[in-house]
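Trainee: As a plain string of letters, each chain reads:
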Amino acid sequence: MVMGDMEMRCQLLVIGGGPGGYSAARRAAELGLDVALVDDGPTPGGNCLHSACLPSRHLLHLARLLDETAAAERLGLAFAPPRIHFANIGTALAERVADEGRRLAAEAKECGILLLGGTASFTGPRQVRLHGAEVSLLRFAKAIIAVGSRPRPLPGVAAGSPVEDIATLWRRESLPAALTVVGGGHIGIELATILAAFGCRVTLLEKNPRLLARADEDLVRPLHDSLARRLVAVRTGCEVIGVAPCDGGVAISCRHNGKTVELHDLMVLPAIGRLPAIDCLGLENTAVAVGPTGNLPVDDRQRTSDPDIFAVGDVVGDTMLAHAAVRQGRVAAEVAAGLDAAFDVRAVPRVILTRPQLAWCGLSEAEALQSHIPHKVHRLAAPFDGDLNQHHHGGFFTKLLTDPQSGRVLGAGLVGDHLEGHIGEAALAVEMGALLEDLRLVLHPYGTGPP
Amino acid sequence: MSQSFRLPDLGEGVHEAEILRVAVAVGDTVVEGQPILEVETDKAAVEIPAPCSGTVSEVRVAVGDMVRVGDILISFNSPGERQQTGLVETAPAGAAAPGGDTAHYGPVPASPSTRRLARELGVDLRLVSASGPGGVVTRDDVEAYAKGRQEETPSATATGPEAPPSSPHAAPSGSVPSAPPASLPSPAIGPPPGPEQKQGLEAPAPALPDFTRWGPVERIPFRSIRRATAAQMALSWSSIPHVHCEDSADITRLESFRQKHKKDIAAAGGRLTMTVFAIKAAATALKTYPRFNASLDLQSREIIVKNSFHIGIATDSDHGLYVPVIRDVDRKSIRELAVELHQLVERVRGGRITREELQGGTFTITNAGALGGHRFTAIVNYPEVAILGLGQGRLQPVVVPGVDGHHDIVPRLMMPVVLCFDHRVVDGADAIRFLRLIIAALEDPEELFLGMI
Chain B
1338 MVMGDMEMRC QLLVIGGGPG GYSAARRAAE LGLDVALVDD GPTPGGNCLH
1388 SACLPSRHLL HLARLLDETA AAERLGLAFA PPRIHFANIG TALAERVADE
1438 GRRLAAEAKE CGILLLGGTA SFTGPRQVRL HGAEVSLLRF AKAIIAVGSR
1488 PRPLPGVAAG SPVEDIATLW RRESLPAALT VVGGGHIGIE LATILAAFGC
1538 RVTLLEKNPR LLARADEDLV RPLHDSLARR LVAVRTGCEV IGVAPCDGGV
1588 AISCRHNGKT VELHDLMVLP AIGRLPAIDC LGLENTAVAV GPTGNLPVDD
1638 RQRTSDPDIF AVGDVVGDTM LAHAAVRQGR VAAEVAAGLD AAFDVRAVPR
1688 VILTRPQLAW CGLSEAEALQ SHIPHKVHRL AAPFDGDLNQ HHHGGFFTKL
1738 LTDPQSGRVL GAGLVGDHLE GHIGEAALAV EMGALLEDLR LVLHPYGTGP
1788 P
Chain Y
1439 MSQSFRLPDL GEGVHEAEIL RVAVAVGDTV VEGQPILEVE TDKAAVEIPA
1489 PCSGTVSEVR VAVGDMVRVG DILISFNSPG ERQQTGLVET APAGAAAPGG
1539 DTAHYGPVPA SPSTRRLARE LGVDLRLVSA SGPGGVVTRD DVEAYAKGRQ
1589 EETPSATATG PEAPPSSPHA APSGSVPSAP PASLPSPAIG PPPGPEQKQG
1639 LEAPAPALPD FTRWGPVERI PFRSIRRATA AQMALSWSSI PHVHCEDSAD
1689 ITRLESFRQK HKKDIAAAGG RLTMTVFAIK AAATALKTYP RFNASLDLQS
1739 REIIVKNSFH IGIATDSDHG LYVPVIRDVD RKSIRELAVE LHQLVERVRG
1789 GRITREELQG GTFTITNAGA LGGHRFTAIV NYPEVAILGL GQGRLQPVVV
1839 PGVDGHHDIV PRLMMPVVLC FDHRVVDGAD AIRFLRLIIA ALEDPEELFL
1889 GMI
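Protein chains in written order, with my numbering: chain B, 1338 to 1788; chain Y, 1439 to 1891.
Just chain Y, with the same shape it has in the complex (with noise of 0.2 angstroms):
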């Protein structure tokens, strides 16, 4: 019995992949469960096992291959017995067809019109539940799907029905604190390149010119990780009016403090860093000001206050720029975090994160410090409502008040802080407030700690 394996529905908003590794050529033997596939979704890459026992007859794919999801990948001949997700009989050994009670065989039934709005809107038919007699999708189960999927990024109906039809939380990725925003063009970076994409005469932003006229050039595919981030900066900057808001925060005692407790942390697996304050510091703001761990949801005209703290840390890495989620930072203590969080990058950087933990965050910190940056502005991490950045700290002369009335210029640890936010949802007297907050939690590591009682 031929079957072809077909790459599943990887999760919500998940319509595509890359190929990144085929663990196996034609006439391999493949014992059900073992690795087949390496396939790298928006963010994270998600290994494939084997659905059947049985020998590998025809492998459809490259490594750099973009696929969607229904796309046949490889087929194997099995002894085998029943389907399972994701592969579908083709040709069924022998004479009698079995009746086929979860295959489908041949188009999804719809009419003309149907498909070609379906076509139109992006919509893979086969991923829409049929209400039509004898499972034909109509019209209206199309535009609902499109709907249902355009409500998980409300601003698809700014950018039109065009855009990545990843879901909020598929592919938050955070702020490039190197890049100005300014310099991200929106409307140059659409959607991921999908067959559905116009290839027209008209392409959205002007020709370039041939660079080679000035001397040798290297083309890189634009895709992966690369293009998740661009398609989630893009959206965020063309949908959401950035206000920035800065500040220094005096971490003199703060720096004392961890210098003190580094080694117990490290002892403890963890790495006690300044993100670790911020997070604490964070969770504190976010519960005494809740419109800054928000949403904002045009469709319903609501502003969607969450009640947990997932906070999100722009992470560096070889593949790119990736935020994993630390989950109810609020309910956990600084010793908790500095491991979850240490183990969140290696895990990152080791390229072994899993779609869940890009997942669901609410809040985003990014820390350009140690790599020495200083002062930035960032992009705010769509759906989130704000992002906080920490720049290096650095000794600088502070004017602080001295005995009799006179003032003191005095070292201290000085730490650049910057907020940028959605105007929509909070203004900028909510910011400061924030920001001070912030500021005075990481001033104050007693008053930091206090707040976690």
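If we strip away everything but chain B, and leave its shape as in the complex, we get (with noise of 0.2 angstroms):
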């Protein structure tokens, strides 16, 4: 062996460090495998941390500190108008970021798990070759690959457009004055809100007929009323199929209503989706599958096709949550090492922090229609209760689907306020089978919430 061809061998590989693969990692170290966590960023944490969750969590509080002080006037409270030094977030934000990094870091050390930086390609079945890492090959008994994914490109993208990088935005000196979101989906909608509280004139592009295709249409309809209200304009079954430089600016070609239009912007800010990056991954080295999207599909023990290799997370290419991942990363290391767990979640939440807020989990009246899933909808103006009649505000209410011969609640919609709470009694409602009547019958207290 020459200096610098280091070779190991560990029982479990973990590639990459964000929430599935972090967790992962932990929880087999846990189980007392002897885990190696190959991650590429400055500390483990992934995209979550750096770069989606964190940054956006983080941004959409000041967002609501922003657009609470204002509405507080109404009430008789002024507070003087916010000086936003952008450059100023950025470095709170990243020294949050960094102590959180820094923190998961510690933790895997105290764990026993053994960091290595760098990327990771498999070069057979059972070993991989890491760039930019202390030790070069590595040999491996079962590996978890959790390498996330990256935003989906968008097409027809001129050389030297303004086009901004969601990874990158918080980092930046100051916001433009005017920014085009590409994309009304999730992360699109939550990121027009941060811009449109901090002052920017946002335009909102959505390819589909409508906002959010994937949440039910009379959950949706409300955000989008509130966005057009906020926004310069919300534009949807408008697909964009170039951008290029204008002078000052950026000019963005679509197509909407069968018509090619130009809009102008003074950037553009994609938000189109995510794909797995499985891209000099190697796989073609090993028994793994690759899905349709370039995703790695997986049983519910989190397995490949390979069943020494577990794939979690945005690289599986379904829900792309971190946390459902971070449950998909325990249930394979728990397989990993022997035990008998599977991923059985029935109710993955989904809470998207806009105003208002929207949230659901279980069977949507979509699937339920287009899969032929009897069930009876159920409308509420408050979440789940039945004795009060507390006043509801403009657009908010709940929805609950039951089975109609069991009364068994399968799934839940929410606009509101303050959803991560009864996001979650409504995903245990769904887990444990309980009745509607259930969730009416369990008290709720009064006078919480805004007025």
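For the record, the hints were derived by calculation from the structure and aren't laboratory data.
Hints are not guaranteed to be accurate.
Said to hold, decoys possible - 25 angstroms max Cα-Cα, derived DMTMM-like pairs, lysine to aspartate or glutamate:
| id | chain 1 | residue 1 | chain 2 | residue 2 |
| --- | --- | --- | --- | --- |
| 1 | Y | Lys-1725 | Y | Glu-1784 |
| 2 | Y | Lys-1585 | B | Asp-1677 |
| 3 | Y | Lys-1585 | B | Glu-1702 |
| 4 | B | Lys-1544 | B | Glu-1702 |
| 5 | Y | Lys-1744 | Y | Glu-1774 |
| 6 | Y | Lys-1585 | Y | Glu-1740 |
Join the two chains into one complex using the hints; note that each chain is given alone, in its own frame.
Mentor: Pasting the structure below:
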């Protein structure tokens, strides 16, 4: 062996230190496996920590503060206009990210996880070559692929176009005065909400006929109306086909109602979904089968078509949610350690932190209709409440889907505010097989929430 | 209307099956009742008829696949009306979805912790009867189901929750005369590998060396009957303290009787073999010593003595070892037994034996004589108490009392017999008495036939 060609062995190799990979490594270490975690970020945490979940939660919190302090004036509490120093916001956020990253790294070391910086590519079914790491060849008994996803690139972008990347947006010195967000999914509308609160004139374009195509239409409608009031424009059914620089800004070509239109703005921020980041992974040297979107299909034990190689998180290409990835990671680790675990979740909760907020879990009405699943829809003014007749805000409502025969709760959709707690309650009901009556008989405290 | 055909419950204790034959392909038109699949459960092949008429839209299984009860096997597009056993409507065409009075849409309602428990106990939630509101399966339901299953296989408590889920009646298999029991390392043979089986880093047995280092090897799938036999043998050997009791029977007279009547029996469609006489002799001995016709129930701390006499006959075939059962042997004549045994053996060898014919034995006989086997030991066919082995009768010099107080050495046809028994239920003295009674019956055909009266 020559210097620089260091070879190592481990029982479990985890590729990617995001929520899925990190939780897998931790769980496996807890179970006594000898674990190596390969990650190419400055610290573990993945996109979620460094560029996606945490930054957007942080900025959504600030956006909420801005909105609420502005609204407080109506209630007689006036604040001076906010002085927004976006560079300072970025610095504070960067510190928070770095703190959290250091905490994860320290915790990993404490658990006995071997952290290796760099990227990994398979050179055989049981070995990877590492790039940028102190070890160059790693042999493993089992591996968990948790490499996550990357933004889907916007098509037709001409060189020199002012296109910002959502991963680096918050590191800017300042925000542009106006900007077009392309993509009306979860990420796009949260970004539009943040940017609008910071005073940016935002235009939102969505290819589908409506925003948030995954959610039930009645849940999305109040949000659409609210965004239409806050943003410059919300255009649905509008597909971006080209982006080019034009004097001081950007020209965006779109296909809208069969016609090609050109829009002008200062900057474009694409958020048209994410793709599994499997390039350079060398999967052709393994028995791992790749799915139609470049995703890695797995069974309920998170096993790929090679039963000793697992995949968790965004690379599986299903929910692309951090909390689902965390569970998947734990399941993969437990299965790798010989335990009888499975990803057996019936209600994956989603919360969109916009104004109003949206949340849903379990069976949606659209799915029920599409798959002809018998169901009954119940609409309540406030979440799950049978006793109180709380006055409800414009557009706020709760929808519950039940099994018409048994009355069991199959799914829930909510429009409102502070929904994180409520959606957890709905998820518990679905998971427990609770009846609608059970939810309604639980007492909910009065007088909470905003006026 | 598209319908999915799921593997139906094939009887008590059967949770999975191997696909032996797929008789249809996508696009085929089938009529209700036409055979579409042949599956093999622990031991028996079962032909599955089409549950409805229609066109095959999807075939999800291939020959050699292991499928579990509830798995979707084949989907049909049928003009059809009601669903039947194993059929679930997946996507009823048209606008209004039917009420689906018997269909299960989606997953069985149960809390996450209950689902985890079921997974750990290897319980299929679809098989558990629910006691909760709205059909919710509770933790108690799962535990009760697992316990009920365990009661059928008491030793499951000894081997843990991963014991093979087959009931004792589900997979009787006899001993393997040619294989000394000690050569079956029971801990190495686990339950059938199901999806719930641990596939961890800590394998139960140490990893094998790479045998190809010393020469070419062939890898043969360990499944189906080989696996069922292995599981049954491991269960028996690990839970029953075995004792072997050997002797010989002088069958000179019985053999001449057999030669004399062989042709008559053959004319009646039977085969008069030593096994037939042994069945009769065993019936007499079992009636005299009923503890040998019993099962030990550790759960209830009782010995279950059975009042009927169903004798399993270990039968070698191209597909492996089977133990078909002849019922109520005490009430059948030699002729009837000879005919029935011959037919059973033919059905085993032709692969036409049914599950029912392999179940419910109370005692087993294994005869290695036809293959030329002489002395051997056997493994008790769990959950029975004893097994009788017969070797090949060979002419041997025997010292017999002669005239005038002298002794003569004469050639006699001597057959080795071995009784292997569960020492928890019976003792050596009982076994010797039991075996002597069998030997006496075989040595004295008249005595044997007297016992039949």
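Trainee: Please go over all the hints and tell whether each is borne out by the structure.
Mentor: Hint check results:
no.: 1; hint: Lys-1725/Y x Glu-1784/Y; verdict: violated, 29 angstroms
no.: 2; hint: Lys-1585/Y x Asp-1677/B; verdict: holds, 19 angstroms
no.: 3; hint: Lys-1585/Y x Glu-1702/B; verdict: violated, 39 angstroms
no.: 4; hint: Lys-1544/B x Glu-1702/B; verdict: holds, 22 angstroms
no.: 5; hint: Lys-1744/Y x Glu-1774/Y; verdict: holds, 22 angstroms
no.: 6; hint: Lys-1585/Y x Glu-1740/Y; verdict: holds, 17 angstroms
The structure does not agree with the numbered hints 1 and 3 stated previously, though it agrees with the rest.
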